[in-house]
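2 protein chains.
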Amino acid sequence: MAVYTEVGDAELDAFLADYDIGEAEALKGVAEGVENSNYLLTTTKGQYFLTLYEKRVDPRDLPFFLGLLDHLAARGINCPKPIHGRDGQAIRALAGKPAAVTTFLHGLWPRRIGAQHCAPIGRALAELHLAGRDFAIKRPNALSVAGWRPLFDGSRAHADEVAPGLARELGAEIDFFEANWPRDLPAGVIHADLFPDNVFFLHERLSGLIDFYFACNDALAYDVAICLNAWCFEPDGSFNTTKARAMIQAYDEVRPLAAAERAALPLLARGAALRFLLTRLYDWLHTPAGALVKRKDPLEYLAKLRFHRGVTSLADYGL
Amino acid sequence: MAVYTEVGDAELDAFLADYDIGEAEALKGVAEGVENSNYLLTTTKGQYFLTLYEKRVDPRDLPFFLGLLDHLAARGINCPKPIHGRDGQAIRALAGKPAAVTTFLHGLWPRRIGAQHCAPIGRALAELHLAGRDFAIKRPNALSVAGWRPLFDGSRAHADEVAPGLARELGAEIDFFEANWPRDLPAGVIHADLFPDNVFFLHERLSGLIDFYFACNDALAYDVAICLNAWCFEPDGSFNTTKARAMIQAYDEVRPLAAAERAALPLLARGAALRFLLTRLYDWLHTPAGALVKRKDPLEYLAKLRFHRGVTSLADYGL
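Chain order of the listed sequences is A and B. In terms of this note's numbering, the first sequence opens at residue 1 and continues consecutively. In terms of this note's numbering, the second sequence opens at residue 1 and continues consecutively.
In case anyone wonders, no lab produced these hints; they're calculated from the structure. The beta-carbon is built from N, C-alpha and C at its ideal position, and this holds for glycine as well. Treat the hints with caution; some may be incorrect.
[Unchecked claim] Per the computed footprint, the stretches of chain A lying under chain B, defined by three or more beta-carbons under 8 Å from a beta-carbon of chain B, are:
#	segment
1	4–11
2	19–28
3	104–112
[Said to hold, decoys possible] A short list of chain B residues far from chain A (calculated; beta carbon distances all over 10 Å):
#	residue
4	30
5	75
6	112
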């Protein structure tokens, strides 16, 4: 849960005067997301989502994030659509922070993942990749292989307290990937964080994708690899090939994976597991025990990393 | 901010099947309140408020709380109105917790208190007191004078770390009030926590009262005394007699304060200041420094307590 920036009633009224979305009738801080302050805003014209960007988001990235949402929404992707003010701007200041209003998406994210969720995910991911092809602004992936060693450096000294031998195993993984990370795969805009809590379903249908604040330019198949990790493991740690097959087949129907992308999947999935393992490990070691932010277990991703390292053929993914 | 109980999409659907308020279209945890898990629920029929009662609320008090909201709403008080299920029940279980759905009130709470807020507060408080007169269920005030010494016992050993001499000053206050607390004043249902964040305004008009989870039976004038503390001090600590006069006059127009109630106001206000000082002190000393719950400054209420102790006539309140 985020530490919220308080928004006053008078300053909200002044802020909304620059838009054509009616007057504020309610504003509720939303207990989701640790990066930003999020509010559900009800006006005389409907429901909207108000985000104040806190210090973990670089304001220089906002034209990418908001521009991307505009770009995707214009191409039919069900994502939050930025509301532009009367001056055309989608980003302005509120309570001393950069702020933006978007449409409010209906739907609930699935708590229990079933195979029926995975084809819609694959399809939506491929549609997202196609829609993002001609987006002009670029944003490199700060959490790709070049970022892993500095991230690890912040955790290495205490890594073995989380699991014996972890520091050595992660060091070896990073060495390996610095030498063997797949290059020259088809690239474009990826979501990079399409976990279940960022995907809404309504009446069994995928109704929206949210939280594009890790979106960046990278290999498209890396986004598929992230989703394999996020959607296709069971709570007991086993890999569900039915889910993976459904996801990849649906993706393929919209944007066929090239042979090089398929061949790279085990390495990409292993790298994606390492990426989430490293950020979770960092947060685990740097979040005070008394804090109310729920720390996510890094060892879940150590198990996933080891699974992908043991993959010998695409048949292990059900392909 | 509360630690939220997670509500799954499937269990929410099953829960809503017992109501006639449509199907879930969105569910957002609200970052307000430290007692309960609160969700803003959007259904095909509108917006609602969903509360899961956490361990700080005694389930045996729920018939009082929900019954009171029914009772008040039926008498025209703008408070959350419980939604009853098809079986007539307003309280049922969700995610293993007692849960209730209410209407969603429009409005924003005022961040900067002006004199113009205080007459509406006085009027609404008096209307609440009149509307509550014939409510059948009783709930004693656990945070009145009999509760202060046990509460203080949990803080006394460390009170002087917050302010030198605080333990001795608070001990003397409790001794004094145990001997001198005003008795036999007109009593009834009081809100007992009508702070600015529990009062909504819309277009300059009071649009709703929320958070009745401290409501109980006590002297009605004690509720006025709580509001004098909550609404009539300036951020610099000075007491604003214009605000107090506006509040009391507006209250009087709806429910005239008896002579004994007026005479008791300085003691009641001093006692109310002590009550919030004691709970804030307890929370201050028992909340981990790293926690994201914002601790409220107990010393703000020490200054208010001392102000009321120095009051020699009602003229000090602008009356």
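Separation of residue 75 (chain B) from chain A, once the least beta-carbon distance is taken, above 10 Å: holds, 24 Å
Given coverage of the segment 104–112 of chain A by chain B, checked by CB-CB distance under 8 Å (3 or more): holds (count 9)
Separation of residue 30 (chain B) from chain A, once the least beta-carbon distance is taken, above 10 Å: The assertion about residue 30 (chain B) is violated, with a minimum of 5 Å to chain A.
Residue 112 (chain B) and chain A, when compared Cβ to Cβ, separated by more than 10 Å: The claim breaks: residue 112 (chain B) does not keep its Cβ more than 10 Å from every Cβ of chain A (closest is about 7 Å).
Outcome, coverage of the segment 4–11 of chain A by chain B - at least 3 residues whose beta-carbon is closer than 8 Å to one in that chain: Three-residue rule met by the segment 4–11 of chain A, so holds; n is 5.
Coverage of the segment 19–28 of chain A by chain B, judged on three or more residues with CB within 8 Å: holds (count 6)
Violation of the numbered hints given earlier is confined to hints 4, 6; the remaining hints are satisfied by the structure.
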